[in-house]
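Q: Residue-level listing of the chains:
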Amino acid sequence: MTLPSIEVFPVGNGDMTLITTENGKTILIDCYRKSGSDYDFLEERLKDRLNTDDKGRPYVDVFVLTHPDKDHITGFNTMFYRGNPDDWGDNSTRIRINEIWSSPRVFRRATATGCDGNNTLCDDAVKFNTEVKRRVKLYREDGYNCGDGNRVIILSSDEDGKTDDISSIVAELYTSFGHMSGIDDQSLNAYLLAPADKQEVTEDEEELTKNNSSAIIRFDLSHTFNDEGLNENATCTKSFLIGGDAEVKCWEVLYDKLESTGQLDELAYDVLLAPHHCSWRSLSNDSESKCDDPQLNASARAALSFANKDALILCSSHEFGCSTPPSQLARDEYEKILTDNKGGKFLAVAEQGEDSDGKPNSLFITFANNKPTKTTKTKARNFSKVVNPTAVKKDGKRTYA
Amino acid sequence: MPNERANSIDALGQLLFTRYSAKRIPEKDLQGLGIPSSLYAANWRIRTDIKHPEDGKTIQLIVAARPSFPFSVPHIYTHPELEILKYPHVEERGKLCVWGDEVSFDPQDITYVEHLIKDSHSLIEETISGNLDDDFSVGLLSYWSRSFKTSSKEKKATSLCNIRNLTTRKIHVAYESNKGTVFADTEKQLKSWLTNIGIKSNQKFCSTTLLINLSEAWKPSEYPTNLGEILSILESQYGDPVQAAEAITIVLGSSRRYPAFLIQTNTPNGAVITAMNCVGGIGTRGHAGLLNLYEAKIGNGFRDSIIPQRFLNTRCIQLGVRGIDIERRDPSWVLGRDSNSFLSTTSGTTIGIIGLGSVGSSLLPLLIKAGFTRFVLCDGEPLEAANVGRHLLGMSYVGVNKAEACKRHIERDYPWVEVLHAGSQEWFEDDTTIDLLTTECDLMISATAEWASDKAIQERIESGKLKCCVVFCFTEAHAVATHCYINKAGSFSYGSLFDNTGDLLESCAKFEHRTTKPTHFCGGIFQPYGGIELSFGHSMIAEAVTELACEGIQTDSYRVWVGSRKLLLSAGGEWSHSWEQKYGEIDDGSKVLKVL
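In order, the protein sequence lines correspond to chains A and B.
Note that the first sequence covers residues 1 to 401 in the working numbering.
Note that the second sequence covers residues 402 to 997 in the working numbering.
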């Protein structure tokens, strides 16, 4: 076992984030691999991080789609295998997805007429949706979530009772649903915070539709470590909050809901992936460019303020200062949140420099010393570390024959 | 693959991925890396940040698990390969020699592989940096053996040379085609060895050659490729081209076309013997079908010993040399890899053994392994099939006189041993045996359990003809107790253990019934016991003899191995009260009692 990790890939204004649990299970949140050889390194790097089967074929244990925008799903068709896993060719270099987490409600809002200027799914999103439907159909036919490459979990029930017959694979809002997954990893839990249910007030629903509705999930990553003080193994759990491109209305609705139910502690995080590539529009109803004095939305700001001590807020975007997002105003606010919460750091993937091949580095986070820590993949491999020093003795032989 | 093995492989894959993001390598890709896929159940690659020193790519560790994982340690390769013989601890196809024999691990905790990978990573860094270059000397034979290729027909050569002699010198060699080339310091030593392994020495394949002693080991880049380099080394050693030329002409003067020579190298781990031969052949032209012409050699136009220097240099440079497989079989190596401090004493001691039955014969291999090399053997009886159950020798020697059979056996299996004589009569009936026992032997072992023979020994001791110590050995009924009495030179105190007919006055065990059984021959009897119960006594006697040879004695010494009470009771006996009153309690037995 090793430390869990979070790797934010340098995809520019988009998201592609890989969680690796202490048991080596991998959860990929969104993907953004533009076409062209300039982005080959992203695919190679992703595959380098994934486990392979006995034929050397890569697979990811879970693929989570927060929402079907291009900057969260591009490359799905070229990088991932779709269809019956039995037909996955022996020489295939495509990544098999053992289990998909997806939300039909997010798809519905994304394609609703009058949504934020984009009511047509991109080709990758269509292919993704087809694959989800194949898996759901299989579940309906077989009655169980059957095997690697066929499993699916629906993030929040769909409207009009469309998912009532498959409730066993539907994760309900404001619940932990790690146990529903076939990932079989006790070190991982997931708590579903959005997409919110259809709002009773039509205007609110329209606002949500316009606000880049996304799945919002808190991942709880546990790891075992040796507590030197107690000289025994102890378990530590760290939370990673992701919200895709969820904008201000989503966070406002979420905060108000949890406040009303007394569950605001569900928003606490050790690592936050700043929503919508650190967009101001996740924190404010006012346009940063059109408004002279844009004001924060108190509920949205509060929803994103539950940073634990030493928390990290990560930004997956291109460099600050070119165009928004990313927003410097938002960054300032996030840094204020961290300061208010006794430390922590705001880290942008675009500020991580280049590797020896001249390719931009990922932002790589582990939990050394029980706090989120920026490191590198090479350092994380840590060739000098051994779990059990007594497993080998260099001069241990005292018996001969 | 059985399930439990498959589970171990899966667990290893999970560990390697979790710790190092390792990737499983499909079999088809493995072949592309030059790694033999048939040896391994599964293989993974791990990226490192170490740059390959030649092509600049980052090195990947290939973890190759054999089907016997976790009980066998996975092999570790590098990709791209590190060059063999350029970097220490690198083997064929980039395989790393990571762990030595001293490493032990817990096979039930596969995280031991983390240690292996950690050590492999460090090893790569260190070997590339040059910090481990001294290991080329420490593990010289590993690297030397990889510097040349031999044909499958080529037999491994044998060195009998004394590695304590640190000079460059002329030695003797036999180019024997069936058993391989043998090198020895002396002609006598060489002939004795050849005779013992069943080869009649012949001038046609015997010759002289050179042993070159190096104070420091070559690095692989320094391994010579032509005789000119050897000549340069000799010139450097002698500081005199003439002496060097004389030395090299010992090789060139060989009767063989492809003469071989030895290189002794002194490394931090002790002396190492390696061998080379001239690959091009020292002939400069063939017979061209004219068989009556002698073959011209490298010294063509000159006698071997007086080739002018300018020609010698040129011709030596043109003559290629390469390593050949060789193994040391000299006693210092065979009997403890140069670490047996007793050898210098034991190897100089000649032992006479009379009586090569169940007690005497089995002492031989123990004494030989203790370093004794010269023996006089004597026994008047042939080996019977019914002896085999408790005798050193097996069925192939049935019908052969026991002394002669033992001689053949030990000479064949331990060819450095010299049996001066194998007497096939009672020793006191054979003048040659008597002469050798009394003049050549430094100590004598009597294992006849025959009173008449013992009394004959007494007579020779008291007459002053037998001047050495005599070790008397015998066992009691059912071999419940085996006695070893060291009778110091000049007296016969041993006789005090017996009455005038040779009846043992105090035995450890008492039996109320007759323990012997009649044979099917007139008057013949035998005492039933087996080899196991006797074997403890053999060890005790061999130890006593070795102590005697190495330390000497001031007074007689008497010790008895008493077997277990269980053995005694199963044979229907009991410990003798009289013995116990006199020498102490035996209790459960299974111990050595030091009586004197």
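Hints were generated in silico from the structure; no laboratory data involved.
Bear in mind the structure is a predicted one, so any value in this text is a computation, not a measurement.
For each residue, glycine too, the CB sits at the ideal point set by N, CA and C.
One thing to keep in mind: the hints can contain errors.
Stated by the list, open to error - Quick list of simulated restraints, FRET-style, between CB atoms:
no. : chain 1 : residue 1 : chain 2 : residue 2 : range
1   : B       : 452       : A       : 394       : 42 to 52 Å
2   : A       : 378       : B       : 455       : 17 to 27 Å
3   : B       : 640       : A       : 389       : 25 to 35 Å
4   : B       : 452       : A       : 389       : 22 to 32 Å
5   : B       : 965       : A       : 398       : 50 to 60 Å
6   : B       : 455       : A       : 146       : 28 to 38 Å
7   : A       : 401       : B       : 555       : 27 to 37 Å
8   : A       : 397       : B       : 455       : 35 to 45 Å
9   : A       : 394       : B       : 965       : 35 to 45 Å
10  : A       : 398       : B       : 468       : 27 to 37 Å
11  : A       : 397       : B       : 948       : 23 to 33 Å
12  : A       : 268       : B       : 438       : 42 to 52 Å
13  : B       : 472       : A       : 378       : 40 to 50 Å
14  : B       : 933       : A       : 398       : 39 to 49 Å
Q: Hint by hint, note whether the structure agrees.
A: These are the hints, each one checked on the structure:
no., hint, in the structure
1, B/452 / A/394: 42 to 52 Å, "violated, 28 Å"
2, A/378 / B/455: 17 to 27 Å, "holds, 21 Å"
3, B/640 / A/389: 25 to 35 Å, "violated, 55 Å"
4, B/452 / A/389: 22 to 32 Å, "holds, 29 Å"
5, B/965 / A/398: 50 to 60 Å, "violated, 28 Å"
6, B/455 / A/146: 28 to 38 Å, "violated, 50 Å"
7, A/401 / B/555: 27 to 37 Å, "holds, 32 Å"
8, A/397 / B/455: 35 to 45 Å, "holds, 37 Å"
9, A/394 / B/965: 35 to 45 Å, "holds, 41 Å"
10, A/398 / B/468: 27 to 37 Å, "holds, 29 Å"
11, A/397 / B/948: 23 to 33 Å, "holds, 29 Å"
12, A/268 / B/438: 42 to 52 Å, "holds, 51 Å"
13, B/472 / A/378: 40 to 50 Å, "violated, 32 Å"
14, B/933 / A/398: 39 to 49 Å, "violated, 27 Å"
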